Amino acid sequence: MRTTRFLVLAAAGALATTGLAACGGQEKDAGTADGGPIAVKASDTACEVGRTELAAGQTVFEVTNSGAKVTEFYVYAAGDRVMGEVENIAPGLKRELRVELPAGTYETACKPGMSGKGIRGALKVSGTAATVAPDAALAEATASYQRYVTSQTAALLTKTEEFVAAVKAGDVAKAKALYPVARTYWERIEPVAESFGDLDPKIDGREEVVEEGMEFTGFHRIEKDLWTTGDISSDGPIADRLLADVKEIVARANAEKLTPLQLANGAKALLDEVASGKITGEEERYSHTDLWDFNANLEGSKAAIAALRPALEQRAPDLVAQLDTEFANVETALGKHRDGDGWKLHTALSKAELKELSDSINALAEPISKVAAVVAR
Amino acid sequence: MSAKLSRRRAITLAGAGVAGVAGVAAGAGALVRGGAEHASADQGAAAGAVPFHGEHQAGITTPAQDRLHFVAFDVVTKDRARLVELLGEWTAAAARMTAGKDAGVIGAVGGVPEAPPDDTGEALGLPPSQLTLTVGFGPTLFRDARGRDRFGLADRRPAALVDLPHFAGDALRPEISGGDLCVQACANDPQVAVHAIRNLARIGMGVVSVRWSQLGFGRTSSTSTGQATPRNLFGFKDGTANLKAEDGGLLREHLWVQPGDGPDWMTGGSYLVTRKIRMLVETWDRSSLVEQEQIVGRAKGSGAPLGRGDEFDEPDFAAKGDDGQPVIAETSHVRLAHPDANDGARLLRRGYNFVDGSDGLGRLDAGLFFIAYQRDPRKQFVPIQTRLARNDAMNEYLRHVSSGIFACPPGVRDGGDHWGRALFG
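So the protein lines, in turn, are chains A and B.
Residues 1 to 377 (the UniProt record's numbering) make up the first sequence, in order.
Residues 1 to 425 (the UniProt record's numbering) make up the second sequence, in order.
Incorrect hints may appear among the rest.
What the hints assert, rightly or not - Distance windows between CB atoms, simulated:
(1) S358/B to E207/A: 23 to 33 Å
(2) S358/B to A244/A: 25 to 35 Å
(3) V76/B to G213/A: 33 to 43 Å
(4) P383/B to R120/A: 56 to 66 Å
(5) D356/B to G340/A: 34 to 44 Å
(6) V355/B to G340/A: 16 to 26 Å
(7) Q258/B to E248/A: 45 to 55 Å
(8) A177/A to E253/B: 33 to 43 Å
(9) T325/A to A171/B: 52 to 62 Å
(10) G236/A to G249/B: 54 to 64 Å
(11) G236/A to E253/B: 45 to 55 Å
(12) E330/B to K247/A: 23 to 33 Å
Stated by the list, open to error - Which chain A residues stay away from chain B? Per the calculated CB distances, all over 10 Å, these:
(13) G57
(14) D80
(15) A316
(16) L319
(17) A333
(18) D359
Stated by the list, open to error - Mimicking DSSO-like on lysine-lysine, the simulated pairs with C-alpha atoms at most 30 Å apart in a straight line are:
(19) K176/A to K336/A
(20) K174/A to K247/A
(21) K94/A to K117/A
(22) K101/B to K370/A
(23) K78/B to K370/A
(24) K320/B to K257/A
Simulated from the structure, these hints should not be mistaken for laboratory data.
Remember, predicted model here, so these are calculated numbers, not experimental data.
Glycine included, every Cβ here is placed at the ideal spot set by N, Cα and C.
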């Protein structure tokens with residue numbers, strides 16, 4: 001829907017795997033402050049990180065997925081601030097993460113099945129840590145979030161390609177399985193774009209946005225066919241168009257630069273998405289996979305707030321503490337409705353359970369709505 | 001200090017008005033504006049009666065009352081004569097009730113003890129409260145969904161009584177949309193408005209059946225220059241640029257159906273469009289003031305167009321800010337709804353706020369029950385709403401859930417006339 005408000009940034013598919021390396025591609029090929037990449041063995045049940053004490057500076061992790069599920073690897077600072085991540089590591093694949101880590105305490109996480117808090121481990125980085133000036137903290141916030149969005153858009157493209165391929169192959173079961181996964185990457189960074197007002201309805205428009213003389217296309221059009229008639233035999237052109245539109249939005253987003261204020265508003269907008277359309281089951285009315293979107297919106301909001309965290313800690317530490325509490329409360333409330341690597345269908349939840357989720361979202365969104373004013377001052 | 005206190009005090013006073021002495025709310029509006037000149041002078045008029053007979057139906061340019069009970073009926077009889085007879089009975093009851101009398105000649109307590117009274121009684125002792133009752137005929141009265149000419153009226157359907165198109169974003173619920181007939185009851189006391197609709201529904205049993213109804217409070221626009229501009233549930237002044245009763249020539253141009261516009265039975269009438277618009281107030285309330293003002297295109301406090309100082313200043317749509325962007329955004333409500341953006345088309349709006357409790361998820365089930373009268377919806381509501389549905393930034397906080405269109409005939413001229421006489425005659 002036309003609900004999105006700030007920008008998906010950046011990211012052509014080619015920049016897929018790395019964050020910092022994307023800006024510093026000419027640097028030395030591999031290595032860390034201690035020399036040599038750190039091997040990460042990811043399986044469906046374990047996340048073995050070769051070394052957990054490092055010197056400050058650039059570090060390279062080499063993540064090998066030996067499990068059966070697609071996984072992700074993250075390095076988090078306090079409050080789950082994403083320092084670096086690799087998305088969408090298919091079974092058997094090896095992917096690299098380059099990340100600049102100042103001295104401090106971090107967590108590593110593998111997320112087999114791409115869901116949940118992941119398999120966490122401690123990571124300690126020592127060396128000289130410069131204090132960051134307030135304005136620099138804001139600048140770093142946008143750079144940090146930009147890295148997050150870069151990885152998300154890359155995964156969005158990949159997963160949309162897989163989804164489109166399944167649709168065109170007429171594989172209903174596979175397309176149904178991929179549908180909420182591809183949308184996860186969209187929903188995490190959905191505050192994409194009033195500036196892409198023409199593309200958003202083509203990609204994510206629900207049936208009622210269509211007016212006379214306009215074609216119903218995009219994810220929800222295919223969703224309808226998959227879940228109502230199961231007949232996707234004529235959806236090939238729709239699928240091709242979806243992929244073309246996603247490519248375009250990723251490319252156009254590439255040219256955009258976010259401001260810290262947009263980060264703050266985006267974090268709020270994502271929760272408003274949940275409060276307006278997901279909690280009611282409006283968004284995924286055929287597949288009922290609203291809780292996937294709910295979780296992705298929540299993760300995207302958290303990523304934006306996490307990027308702002310150092311600046312917020314300097315300016316409004318009480319607000320940060322409140323946000324931590326409320327994020328945890330929503331995660332707990334939502335966590336009750338996990339189903340394997342995914343989520344229960346919206347239709348499986350009682351009105352009372354939905355009310356509890358709605359209340360927890362409101363409890364979080366209220367303090368988040370104050371972040372913009374803190375950033376602006 | 002007084003500026004700080006006035007709003008709370010105004011709310012308290014408005015609350016007192018609910019008890020039945022209307023006009024206090026209008027006084028409250030005056031207090032909000034900082035002047036108390038209207039505070040008590042309106043009370044007598046607000047409790048008085050609005051003339052029922054006239055060239056046009058009352059309840060259109062009548063200064064908007066504070067309360068609404070709107071009802072849409074399905075006609076359940078196939079008997080044309082019974083329907084016409086009902087319209088006659090309704091007209092007589094409406095003339096009585098708007099004068100502050102009981103619905104029937106016997107009344108709530110005057111009849112034989114063994115018979116039910118011909119008035120339900122809850123308005124006993126209450127003044128007329130400026131009750132108006134306005135009737136309209138829906139497209140389905142002329143032809144039903146299957147195309148059948150139900151009462152021999154098909155060739156009398158005005159071309160302007162169009163089936164509204166699907167507007168982008170419409171999430172309409174059929175069970176609270178449409179209808180063969182409608183009655184708009186407006187009054188300064190909700191009990192008086194509810195009493196009127198309840199009695200019409202009772203009189204109509206077996207001939208008509210209530211399809212849906214809507215209560216409203218807090219008129220959201222002014223239909224007279226004597227009224228202060230009220231606020232909608234987004235907290236903004238609404239209806240500043242509305243057509244008003246004093247607009248004379250503009251009313252002929254934009255409101256009343258003129259001779260030659262269509263079938264003669266509609267001359268002097270007007271077309272009514274209703275839209276129930278749910279407002280997502282919780283998310284609106286956590287959007288920043290600057291975002292709210294940019295969406296609306298007006299300052300929240302004064303109601304002035306952005307970049308101007310006074311509520312009634314004309315918006316300057318050409319003005320650009322330091323950043324080179326329009327001061328009034330391209331997607332702002334005020335720009336898109338303005339006559340300048342719509343070939344000069346204007347509406348007479350007299351909508352109401354509604355709160356239907358909450359929705360079970362802890363959210364207010366609240367919004368605007370939009371009501372607009374016009375000479376020709378094809379030239380007015382349809383193009384305006386098409387533009388808004390596509391581009392209005394406010395849509396993010398709105399859901400259109402109900403829709404209706406009705407042809408409201410001219411006024412009942414005298415005691416020998418009745419609603420629909422010219423249509424069925």
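These are the hints, each one checked on the structure:
1. S358/B to E207/A: 23 to 33 Å: 27 Å, holds
2. S358/B to A244/A: 25 to 35 Å: 43 Å, violated
3. V76/B to G213/A: 33 to 43 Å: 37 Å, holds
4. P383/B to R120/A: 56 to 66 Å: Between P383/B and R120/A, where Cβ atoms are some 58 Å apart, the hint holds.
5. D356/B to G340/A: 34 to 44 Å: With Cβ atoms ~39 Å apart, the hint holds.
6. V355/B to G340/A: 16 to 26 Å: At roughly 41 Å between Cβ atoms, G340/A and V355/B fall outside 16 to 26 Å, so the hint is violated.
7. Q258/B to E248/A: 45 to 55 Å: 50 Å, holds
8. A177/A to E253/B: 33 to 43 Å: 60 Å, violated
9. T325/A to A171/B: 52 to 62 Å: 35 Å, violated
10. G236/A to G249/B: 54 to 64 Å: Distance hint for G236/A, G249/B holds at roughly 58 Å.
11. G236/A to E253/B: 45 to 55 Å: 53 Å, holds
12. E330/B to K247/A: 23 to 33 Å: With a Cβ separation near 27 Å, E330/B and K247/A satisfy 23 to 33 Å, so the hint holds.
13. G57: The claim stands: G57/A keeps its Cβ more than 10 Å from every Cβ of chain B (closest is about 40 Å).
14. D80: Given a closest Cβ separation of 23 Å, the condition holds.
15. A316: 16 Å, holds
16. L319: With a cut-off of 10 Å, L319/A remains clear of chain B, as the shortest Cβ separation is near 14 Å.
17. A333: For A333/A, whose nearest Cβ neighbour in chain B is about 13 Å away, the distance exceeds 10 Å, so it holds.
18. D359: Violated, because the least Cβ-Cβ distance between D359/A and chain B comes to about 6 Å, which does not exceed 10 Å.
19. K176/A to K336/A: Holds, at roughly 23 Å.
20. K174/A to K247/A: The hint holds at about 22 Å.
21. K94/A to K117/A: OK: K94/A and K117/A at ~22 Å, within 30 Å.
22. K101/B to K370/A: 54 Å, violated
23. K78/B to K370/A: 60 Å, violated
24. K320/B to K257/A: 23 Å, holds
Comparing the model with each earlier hint shows violations of hints 2, 6, 8, 9, 18, 22, 23; every other hint is respected.
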